[in-house]
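Engineer: Heads up: the sequence lines are chains A and B, in that order.
Residue numbering for the first sequence follows my numbering, starting at 1 and increasing by one per position.
Residue numbering for the second sequence follows my numbering, starting at 374 and increasing by one per position.
Derived by calculation from the structure, the hints in this document are not laboratory data.
Treat the hints loosely; a few may be bogus.
[Claimed, not checked] Straight-line distance between alpha carbons at most 20 Å, and here's what the computed SDA-like set of lysine to any residue pairs gives:
hint, chain 1, residue 1, chain 2, residue 2
1, B, Lys394, A, Ile186
2, B, Lys490, B, Val402
3, B, Lys478, A, Glu192
4, A, Lys251, A, Pro263
5, B, Lys478, B, Leu465
6, B, Lys478, A, Lys119
7, A, Lys119, A, Gly102
8, B, Lys392, A, His52
[Unchecked claim] Across the chosen pairs, the derived CB separations fall in these ranges:
hint, chain 1, residue 1, chain 2, residue 2, range
9, B, Tyr483, A, Asp163, 32 to 38 Å
10, B, Phe457, A, Arg324, 43 to 49 Å
11, A, Ile15, B, Val410, 56 to 62 Å
All of these numbers come straight from a predicted model, not from anything done at the bench.
All residues carry an ideal CB built from backbone N, CA and C; glycine is no exception.
For reference, the chains in residue letters:
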Amino acid sequence: MIFAESANWLVVVVIVSVSISLLLLLVIFSHRINQLWQEKRLLAGIEQLLPHFEGFILGQLEPKEFMELALHNRPAAHHLTLRYLGMLKGRTKHQILELAEGIGFVSHAVKNASSFSWKRREIAAMELGVYGHAGAVEVLQKLVGDRCSEVRHTALRSMSLLDSSLAFGALIELLERPTQIDVARIMEIVREINNPNIEVLNQKLLDSSLPQLTRLFLIDLVGEWGEYRVTSTLHTLTKDDNMEIVIRSIKSMGRIGSEASIPHLIGLIDHEKWEVRAQVIRAIATFEYMEALQLIANCLTDRAYWVRRAAAEVLVALGPEGERWLQPDQLPDDPFARDIAHYVLFRRGLTMEAADLPQGPGPQPGGLQTEQS
Amino acid sequence: MEFNVLIVDEDELLLRLMKLKLEQSGFPVETATDGEVALQQIQGNMPDLVITELMLPRLDGFQLMRELNKLHGELPARFIVISFRNGPDDRLMALNLGAFDFVPKPLSLYELTARAKLACANIRQGGEV
Numbered sequence: 001m002i003f004a005e006s007a008n009w010l011v012v013v014v015i016v017s018v019s020i021s022l023l024l025l026l027v028i029f030s031h032r033i034n035q036l037w038q039e040k041r042l043l044a045g046i047e048q049l050l051p052h053f054e055g056f057i058l059g060q061l062e063p064k065e066f067m068e069l070a071l072h073n074r075p076a077a078h079h080l081t082l083r084y085l086g087m088l089k090g091r092t093k094h095q096i097l098e099l100a101e102g103i104g105f106v107s108h109a110v111k112n113a114s115s116f117s118w119k120r121r122e123i124a125a126m127e128l129g130v131y132g133h134a135g136a137v138e139v140l141q142k143l144v145g146d147r148c149s150e151v152r153h154t155a156l157r158s159m160s161l162l163d164s165s166l167a168f169g170a171l172i173e174l175l176e177r178p179t180q181i182d183v184a185r186i187m188e189i190v191r192e193i194n195n196p197n198i199e200v201l202n203q204k205l206l207d208s209s210l211p212q213l214t215r216l217f218l219i220d221l222v223g224e225w226g227e228y229r230v231t232s233t234l235h236t237l238t239k240d241d242n243m244e245i246v247i248r249s250i251k252s253m254g255r256i257g258s259e260a261s262i263p264h265l266i267g268l269i270d271h272e273k274w275e276v277r278a279q280v281i282r283a284i285a286t287f288e289y290m291e292a293l294q295l296i297a298n299c300l301t302d303r304a305y306w307v308r309r310a311a312a313e314v315l316v317a318l319g320p321e322g323e324r325w326l327q328p329d330q331l332p333d334d335p336f337a338r339d340i341a342h343y344v345l346f347r348r349g350l351t352m353e354a355a356d357l358p359q360g361p362g363p364q365p366g367g368l369q370t371e372q373s
Numbered sequence: 374m375e376f377n378v379l380i381v382d383e384d385e386l387l388l389r390l391m392k393l394k395l396e397q398s399g400f401p402v403e404t405a406t407d408g409e410v411a412l413q414q415i416q417g418n419m420p421d422l423v424i425t426e427l428m429l430p431r432l433d434g435f436q437l438m439r440e441l442n443k444l445h446g447e448l449p450a451r452f453i454v455i456s457f458r459n460g461p462d463d464r465l466m467a468l469n470l471g472a473f474d475f476v477p478k479p480l481s482l483y484e485l486t487a488r489a490k491l492a493c494a495n496i497r498q499g500g501e502v
């Protein structure tokens, strides 16, 4: 009796399990079929719309006429719009963007940015970057603070694609306020920007209310980019109260290599701080400005060891023309200058005659008190 | 005088568009989607101008130019390189290999056409490639 009852239960359980499995399989299968059908439909749509899209881009088809065709084939038009926008620029891109706005793709992406589904929000963030619409900055700023990490990172990347002063400013501001995105990642994205907005960049560089780390990052960045359009701003920064800002600005001036900086750097060679003088010497050397060799050689008698050393190292690095200034006949009659010249030449595997080495304690370099270094 | 153009790019959508745009400007255009096919096409029917992407399957843009330099001692046609790989090193390498011009992607179709015309004017002025 008990056995018969158990067998009945077992049969019921098996039937229910098999039914559920079959139902699940059916759902998965129908989903896949639907996907394949959608893909097939999209491909057919693309094939149908492509010649018209090309005609529109090449000016053979009136925008109005094409818009009507695109409205009847929205998925294909959407797909092609995104593809073309990613590979084109200039007048053609502008033309396609107008179309995207006209059909409502941009507003659709803005709407999707507040969707419940994170995947939709991520796609919206990606699309807004591709469209490069100025109004997208605010939406993307919100998405950078999204609860989903994929959305945050896509929004950040998209912000770097927007060619607007607003987007660039917003991206820099992200460095200043805590977000869930790693600051190093934000820096990486900013570093990759091809065409930074100079007005915003100059403004941010001079903004003393910004945290020091952000300002230092921007100063280094303009040097890395070789951004000569901020040269005069860097000149202004050399008057800053913060020594680190002054030194990094000088370094970036050297990396940028704008000749307009040479007189400014020469003017700083007598700066009261040894750190600045040493950096000025290194920056001048990057210009390979031979007329400045005498000025650098004069620094061999500087009152600070690191300035003398920077001068000697720079002269060696400049090759035979610079090394000439470290030879006994050219060196000033100063034991400290001779000592540093010998030391640097020795380190580089070059030599100076032993007779020219300083003998015993001599006068203070440059006849001045040695600076604490 | 007509100048034959060969465009090499893996992206068929962009390839079609560039072909149509250049044909609209009066250039007879051939296309290839990978480096090896492009090499065969160049060897078989020497074009006057080659517009090539650097990132190509089987034989990339740099390899294509190196092969042609090896075979002919120099590039046998004017080369305009178009690429998303457009860092200073890539540009320098392309120019060192004998490329006439470098147009970074995303590209402007109008700019590409203008540069193609410039390359052809250069052929006309300089005679042989």
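Engineer: Determine for every hint whether it applies to the structure shown.
Structural biologist: Here's how the hints hold up against the structure:
no.: 1; hint: B/Lys394 x A/Ile186; in the structure: 39 Å, violated
no.: 2; hint: B/Lys490 x B/Val402; in the structure: 13 Å, holds
no.: 3; hint: B/Lys478 x A/Glu192; in the structure: 15 Å, holds
no.: 4; hint: A/Lys251 x A/Pro263; in the structure: 15 Å, holds
no.: 5; hint: B/Lys478 x B/Leu465; in the structure: 16 Å, holds
no.: 6; hint: B/Lys478 x A/Lys119; in the structure: 28 Å, violated
no.: 7; hint: A/Lys119 x A/Gly102; in the structure: 25 Å, violated
no.: 8; hint: B/Lys392 x A/His52; in the structure: 15 Å, holds
no.: 9; hint: B/Tyr483 x A/Asp163: 32 to 38 Å; in the structure: 18 Å, violated
no.: 10; hint: B/Phe457 x A/Arg324: 43 to 49 Å; in the structure: 47 Å, holds
no.: 11; hint: A/Ile15 x B/Val410: 56 to 62 Å; in the structure: 59 Å, holds
The structure does not agree with the numbered hints 1, 6, 7 and 9 stated previously, though it agrees with the rest.
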